[in-house]
Amino acid sequence: MVKVLRCYNFKSSAIMKQTEKEPACLASGRKFLFIGSHGNEIEVFKNQKGVEWIKYCSFQTGAHVSQIEYNETGDYIATIEKKVNRQSTVVSVKVYLNWHIAATDEHFRTRVRVAGLGYKSTNVQTGERLEVVDIPCERRADFMTSCQETGNLGIVFSTHVKLYHLVEKTIPNSQTTFLDVILFLELQFKLSINHISLCEDFVACSSAQFVQVIQVNISNEDDDGKTLNKNLDAAKDAVSPSRGSRKMSSALSSLNIHDKISSPHTPTSHVRSKVTSRELPHFSTVGERSSSTPSPALNINPKVSSCAIEDDTDFIHWTFSTETSQNQAETGSQNPTVELKGLKSFGKEIKPEPSLPNVKDLRGGNHLTTGKTTLIQLIYQYLDESDSSWIHLQLVPTYLIGKESTLMLSGNGVLLRSPRRSSLAGMSCLMSGSRAGFMYSLIPQPALLSTYKYSSDAVQIQTDGRMMYVLVENGLEVYTARCLLAAVHNTEHFDNVNNTCPKPDEEICLCGLQNFLGPREITLTNTHVILFNKMDNAWNINILEKPSVPDLYQDLFRFGERYQQNAPHTYHHLLLECHMTLKSSLIGQTLSQSEVATINDLLHELSALLGEYYALPDCSSWHLCLPYYNMSGLSVVDVVRQAVQHRQHSKKVSRYGEGLIQYLRYTLFLNEDPLELKQVDGDLVLEVCHDCMPERLADIILFSRLNTFTPEVALKLLKSSSKIRSSIDSKSRTKERLAYVALNLQLCEPDIAVSSLNNIDKNDLIETCLEYPQILHISMTEFSPLSQLLRCNSPKILISILVMLHDKGTMSMDLAIRLLQGKSGILEIHKNTHVRDYLEALVNDECRKFSFDEAVPILCDIYIQRLKEWEPPSIRQLTPSMKFKLPNGNGHFGRRHGWLDNLPPFVGAKSITSTCKYVVPAGNRRAGVQPKLLQCQKIKETCSCFLCNEDLLKLQALLCYSDVSRAICDKVMKCVQYEEKAFFYDSVAILCQLRTNFEKSVSLIVNKHSNISASFGTSVIKNNSKQWEYLLNSLISNIGQKQDMKEDAEGSVSMEIVKEVLHEMSQQLKPEVFISVLPGNGSFFFFLPYIQHCLDAHKLNILRDTILSLGENMTQSEGSQ
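Under the numbering used here, think of the first position of the sequence shown as 6, with each following residue one higher.
No lab work stands behind these hints, which were simulated from the structure alone.
Just to be clear, a hint being listed does not mean it is correct.
Ranges of calculated distance between the beta carbons of each label pair, as one might list FRET restraints [unchecked claim]:
{"#": "1", "residue 1": "LYS60", "residue 2": "SER625", "range": "20 to 28 Å"}
{"#": "2", "residue 1": "LYS1027", "residue 2": "ALA972", "range": "56 to 64 Å"}
{"#": "3", "residue 1": "ASP968", "residue 2": "THR715", "range": "55 to 63 Å"}
{"#": "4", "residue 1": "LYS736", "residue 2": "LYS986", "range": "40 to 48 Å"}
Quick list of in silico lysine to any residue cross-link-like pairs, SDA-like style, CA-CA up to 20 Å [to be verified]:
{"#": "5", "residue 1": "LYS539", "residue 2": "SER461"}
{"#": "6", "residue 1": "LYS828", "residue 2": "HIS839"}
{"#": "7", "residue 1": "LYS801", "residue 2": "THR838"}
{"#": "8", "residue 1": "LYS1005", "residue 2": "LYS1031"}
{"#": "9", "residue 1": "LYS1027", "residue 2": "ASP968"}
{"#": "10", "residue 1": "LYS195", "residue 2": "LEU361"}
{"#": "11", "residue 1": "LYS915", "residue 2": "SER1020"}
{"#": "12", "residue 1": "LYS854", "residue 2": "ASN893"}
{"#": "13", "residue 1": "LYS1013", "residue 2": "ILE1041"}
{"#": "14", "residue 1": "LYS873", "residue 2": "TYR983"}
{"#": "15", "residue 1": "LYS721", "residue 2": "GLU700"}
{"#": "16", "residue 1": "LYS1104", "residue 2": "ILE1080"}
{"#": "17", "residue 1": "LYS588", "residue 2": "ASP556"}
Glycine included, each C-beta is placed from N, C-alpha and C at the ideal position.
Kindly produce the complete structure, drawing on both the sequences and the hints.
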């Protein structure tokens, strides 16, 4: 469908008066205009300063010029010239190479030579001449075109299309070089060709019925062709069924019945994602001319593989008829008859797929060239029923980089691809009849972009990729084109969140109409449209200057503004046209920085307008509001103000659109970076959010980037939203109550905040904080007021949340400690009980073992620092409850060894659970003291209760962990190395040296605490014979050192300790091991009871193991029965 919107205006128009001869044909390129006149002359005009056209030069041709072609890359002029006499018409094709000589030398001479023959060394003429190359024509030349990127020239000779390229040659026996035009490829079609278009390795050809677009692949080496052939074979395998399977009739192979039925008036066209290819079957030398330059690559014994498309050997003739089977029996036909109602209703002839032309690779002249030439058919399009013939065919490329100023010529290769072929962003193909046209995109996959319907019969058509200019019977029509837009989509990714762009198949429009009498021909330059019209004997050459991109944008926008209220769809379409115009201008051409800045500013302005349109209520494409507002650069306040003003001015609008809601949701919850808004603006945003999404108001207050608003306004809106909502789930209720807490804290109402916090279920509170951890802190630098309230009233819940966040990987241990210490960090870490509680909870589970190496040293350091700075408790630090439990779990807190209860400051297990010695006895307490607090007194004794030694007990439990690392023990020993007189030193040193230096720990026990030797050996040494031996010898050595002393109570005690150790050794070791570790100089009768006890214990162990084994066997036998 084509919309008619007359909004395209040329910047200026003028009539060229410098020529007096009537034009026969036109061509243009760069800043030149070429006019082939009826007087066998070519006139060249040059554009200066963008507005003035002056005559550049002119030169005579050999005959009347019926078609002229200028190639910018090769800087040559090619013509088809016809000389008519009474007997015949002679058609020739000539290439004018150094035509600029006509502008520099008034008395230049012309030199004509035949293409491919070159010069002989004996026939070199001196002086500059206009070099004209005459291309031999065995048939009549019907049409001619050239590739503006490679400089290749294509000529149509009825059913043959020949491709030529420029080659630089050297005259034999001299240093003189010259340019020649050499034939390198010939395509032989089955039907006559009337139009072709060349660009890079793409060839578009049109016959009377259909258009074919072919990609030509030429490989210069056999190896280069193997990969291509492999891919083509795979593609052909996908197209053609296997030999063993049933094949479908070739008449139905390309039929898409669904598309035909759904669109009965659509012309027959096929966009091929599959590949149809034809390789070079055999080398032929018919009609070839030898080249004066050597072949690029010769192969004396070629092995050119032949790959023909397999015929449909299983073809069955189907008769599609409405007659009954009885009628078939009467005729005696044996062919199967099928009646397809879809085809019957379709009632249209099935168009077959055109065959590929035969290809002849003529690069080597009379020699066979190595490598391979392969054709791939990309698309084919049949003529629309309303047309009689194709009148225009054009390939439109789009590149990412600029064009080279000179053509790279080489005699050893064929430039089917230009140097910037790799930067090809898009390739479109325009094919048109007199009544309808089609625009296809060829890369990355062929696809139909647009279909054009003209108001009257077209005379000629041209496009520059941005606009399409159609010369009709009464003037010039200007249509939008999507070539550049298709290239934009090939090079950019649009996520429809941060950026977006209309699709290239967007509906096109007729945006300009200029009336002319008798229009005949047009040609395009970068800045102008040149139109030749003739009425009777009067004719003109009209110079129409194209509008600049900003001017075209303004024309489209102003025209659309007229229909903003009465025809919003037209307004919307023109805004999209503005976007496509601006976006397309940024690709395929070189712009200055100021031009790019201007276009980007217009894009921002346009994006704001489109965002405003999509934000309207009842807009079906509301999801595009978000990307356009993001592209506009508008702040959230500007967007909200636009919506509020539109709602106030429009009486019909009673609500906000879904597009605005989506934008607010995305913007407010995009990240955690706060929006820098004034309080008044924040209130406005909050009010709009209350109106359009009241169910998310609590989320916005708690979790969004909107932080600057008036608490009173927010509290009022929150209460209002609660009344509006008919039902609310528990999760939303929790967030709503948390919002009340946060707002009351801002209003300095802590009592109300605490009351609201206590009404929240503990599990719901934890779950919400885990899902939205940002409510716990302010930019990860300090706790939020809500967290501070939790810390004061429910510290255990806060610690649990922090630990769970650590388990989820949301909040690291360092961040949690930093938040618990506060922003100022004045309080030392060992004095912060919440940091200690957090670390204790963190290391109290083995699933967090990966954190032990980092957390345990910090926790040990906290305990040691607290022990060093320990002071008698005050009245506020004691509670009447005398119960104490170490952290129990499967974490780093191990079970304390029993012998630790007998090391200072403890004197047995009961001393740990005894009443604190600092507590004033009940009878001596003063009146007036609160019953929940206990009075304290100062005494010189050291208390052994758990209240005074909580840190020591926990430190001992940490060091009793079975897998405590040596590094932790070394660090703890380093911290206490100067605290040997402290009450906690001995127990901590023994536990650490067990991992680092066993001998030192035993020495400390024997010398200072020998009474725990037996229990120490039982719990620590167990069945390690060498350590038992060392402990026993250390005890005996200690007794030997006291031999000079008299036996007293102390000496007897030491011998009792040895006996206890021997008794425990006999329990832990086997008899033979036990006997081996006994001292050799001891008394046999002293050790005999212990040896006997060891034997008895060993026998008991054997008996126990035997009974257990028999019991297991009986259980297994009963289970098997």
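Given a hint of 56 to 64 Å, does the C-beta separation of LYS1027 and ALA972 actually sit inside it?
24 Å, violated
Assess, step by step, whether the Cα of LYS873 is no farther than 20 Å from the Cα of TYR983, and give holds or violated.
11 Å, holds
I want to verify a distance hint. Is the separation of the beta carbons of LYS60 and SER625 within 20 to 28 Å?
57 Å, violated
Hinted pair, alpha-carbon criterion (20 Å max): LYS801, THR838. Please report holds or violated.
It holds: about 11 Å lies between the C-alpha atoms, which stays within 20 Å.
Take a quick look at whether LYS1005 and LYS1031 sit within 20 Å of each other, Cα to Cα.
This hinted pair holds, its Cα atoms lying about 15 Å apart.
Holds or violated: LYS854 and ASN893, Cα atoms, limit 20 Å.
This hinted pair holds, its Cα atoms lying about 16 Å apart.
Hinted pair, alpha-carbon criterion (20 Å max): LYS915, SER1020. Please report holds or violated.
17 Å, holds
Given the hint that LYS588 pairs with ASP556, does the C-alpha gap stay at or below 20 Å?
Roughly 15 Å between the alpha carbons, so the hint for LYS588 and ASP556 holds.
Just tell me: holds or violated, for the beta carbon distance of LYS736 and LYS986 against 40 to 48 Å?
58 Å, violated
Verify the proposed pairing of LYS195 with LEU361, using a straight-line Cα cut of 20 Å.
9 Å, holds
Hint check: LYS828 vs HIS839, CA-CA at most 20 Å. Holds or violated?
15 Å, holds
Can you confirm whether the C-alpha distance between LYS1027 and ASP968 stays at or below 20 Å?
17 Å, holds
In the structure shown, a violation is registered for the earlier hints numbered 1, 2, 4, in ascending order.
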